[in-house]
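Chemist: With the hints as your guide, set chain B onto chain A.
Respectively, the protein sequence lines represent chains A and B. Sequential numbering of the first sequence, starting at 66, is according to my numbering. Sequential numbering of the second sequence, starting at 4, is according to my numbering.
Each computed SDA-like pair below joins lysine to any residue, with the alpha-carbon atoms no more than 20 Å apart:
#1 K199/B x T109/A
#2 K261/A x R397/B
#3 K134/A x G109/B
#4 K199/B x R110/A
#5 K158/A x T212/A
#6 K76/A x P183/B
#7 K312/B x E291/B
#8 K335/B x M255/B
#9 K199/B x F122/B
#10 K335/B x L298/B
#11 K335/B x E291/B
#12 K199/B x D111/A
#13 K261/A x F399/B
#14 K199/B x E105/A
#15 K335/B x R409/B
#16 K76/A x G109/B
#17 K335/B x Q251/B
#18 K76/A x G182/B
#19 K134/A x E124/A
#20 K199/B x V157/B
#21 K303/B x S338/B
#22 K247/A x F258/A
#23 K199/B x R197/A
#24 K76/A x E113/B
#25 K76/A x M184/B
#26 K199/B x D193/A
#27 K247/A x E182/A
#28 K303/B x K335/B
#29 K199/B x S108/A
#30 K335/B x R300/B
#31 K158/A x R130/A
#32 K76/A x G107/B
#33 K76/A x R129/B
#34 K135/A x G109/B
#35 K303/B x V290/B
#36 K335/B x E288/B
#37 K335/B x V296/B
#38 K261/A x R398/B
#39 K303/B x A341/B
#40 K335/B x A391/B
None of these hints come from the bench; they were simulated from the model. As the structure is a computational prediction, the values presented were derived from the model and not from experiment.
Each chain is listed here by its residues.
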Amino acid sequence: MVTPVSAHIVKAFSEELEQLSADVSAMGGLAESMVTDALEAASTRDAELAGIVMARDAEVDEYERTIEKKIIRLLALRQPIAQDLRTCIAALKIVNDVERVGDLAKSIARRVPTLIESEPTEFAAAVDGMGRLVQSHLNEVLDAYATGNAEKAIAVWERDDNVDEHYNALFRELVNAMADEKSMIEPGAHLLFIAKNLERIGDHATNIAEVVHYLVTGADIAETRPRGTRPTYQGGE
Amino acid sequence: MDRDRQNQPQGQAAGEPRRRDVVLMALLGIAVLAVLAFSGELSAPAFLAGALALAALGVVYFLIAASGSDPSPMPQIAPVRHEAVPQTSEILVERLPIPVLLIGPGGRIERANPAARAFLGLGAERGLLSTVLRQPRVLEAVSVALRGERGATVEYSTVAPLESHVRAFIEPIRLDVTGPMPFRAMMVLADDTSSKRAERMRADFLANASHELRTPLASLSGFIETLNGPARDDEEARERFLGIMQVQTDRMRRLINDLLSLSRVEMNEHVPPTGDVDLSLLVQEVVESLSPVALRRSIKLSIGQCDTKTVVRGDRDQLFEVVENLLGNAIKYSSDEAEVCVCVYHDRTRDSAEQAHERLTPDSGRLTLTSPVLDADQRYGVVRVRDAGAGIERRFLPRLAERFFRVDGQKSGPRSGTGLGLAIVKHIVNRHRGGFSVESAPGIGTVFSVFFPVSDSGAEANSTVESKVATSTDA
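Isolated chain A (complex conformation) (with noise of 0.2 Å):
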């Protein structure tokens, strides 16, 4: 985070947890790229790449234990409150929730040399949209996170319904295609599989949108705004 760990007295009290969330981003920039390759992978029917991705998860696992590890020191040596705690709470929640994202990356991946086996589907690309949607999720998130910005974790989680939409889209579809067509039951199979394992992405990055909010303001993101309708009309119409 660069601006608000204000000034202690403790210089190294600041640098430390500016380093944590520098570790939390950077956890989160290698969960990106495995979702990232892992969908590569998935659309350019690439083994090699999927292979890659898996061998990443126990990066992301690593990263989770030592992040932590630093956490519990942080708290035990600095007893930090107010937003310094809320600072170090946060980085425990969001790397769980990016290791999450790093284990559906993996799962993702684990699919593609099964998937490649049977003929290229039409909806290998309504796969793909969905899934650059569930990146940009978790790209802006992390943003988010990084940059301080509550209303930009405010988007992500209030857009959530948008990845709803494409999972339930795209499950109805493929249940229809794999009901009319025998071939088709064993690609829709991994392919929902897939989906799935985003539209679950997709939800880790409510999550940390919500840890987001909460680190930046101190109130539960479902208190201020309350989920199902979309407060955000400005203008009229």
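Modeler: For chain B alone, kept in the frame of chain A given last:
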């Protein structure tokens, strides 16, 4: 710039200390080599070679400097350069349109030229690199360079929100500072997006064209065979076949046109447009150009509530294509004597631009097909096209902007499209950093909305003033 000129009179003497420095450095180098040679670290031949090379460097430099002081057109400029070396290189780096960064210990950005700051969206200069550039391989290469080990060239790509392909050159630099960490990492970023895109576009274009043209081509060659053979003397069949062939070739032409247009748009998608377009005027023009088509089926084309003067940043021809595509679709999928309505609004936030306040029906499907990254201060000009056609089922909405996707696979018939129209719209909208969304209720109709960032004429005026100032000081 001004400071350079002030330095000009003293420029003459500037060569002296530089020349001395170089000679001193060469001597120092030889001394170091000698020490190494004596301590046994370096073999005698290597020492001789190194010493000779350094001595030669000193001599060559001296000769060049000496010949430089001859009365030729060069010398008056050359000494100035010597004096201003630190400043000139400073200015060079600052003015370089290529992002250059210097990264210090712990991954802290120590310096970034304006191009880098714009490229990475950097605010505070001394932030940590990993907060602005999360690419794991880049970060790894930087930490290797910070240990002084080796440089690397790393390629990375992002897919969303905008596609980009970047090559990062990372080199360790040893600075003349005391302390445990003398190494810095220099990072130069090169945007490869255009060439990568061009490469892929070509492949895509060929694949799409060959795939989509195969069907009409096959039917054409079938008809030609028939006309050459059994139907050679059949007047009636010939007429009919020629008619069908005409339709097929029209379709092929449309396909090729759309594919070309799509590739063109895709190729430039990462280059933001320049220019201003008045949306209300544009909409009027499109309505006029399409009214003959609408009239043929007695469809009423109406311009609804229009905010006056909605000027957005954009490429006029492309925006025309967007509105034409949407309006053309609305006419195509309306029943005869229906009404198609276009509205223009200005100064909307992203969320209010995306969808109308009132839903078509309480359970209508709404979906954002593409949307810009949130910028709370950005306002958008909106065009909404509403038809009262059959509507689109909710499950098809996410696939609307996919290329060659047609709802219910309507591949032929009088309404046959190429399946590329909305894909083109989406790519144009992306290029303009705008948004594109749809709302549809089966049986009621469909609303397509596109919105583009309003042109900030005030800021533009300022920037032109600035550039004028800059050029006048340069002159």
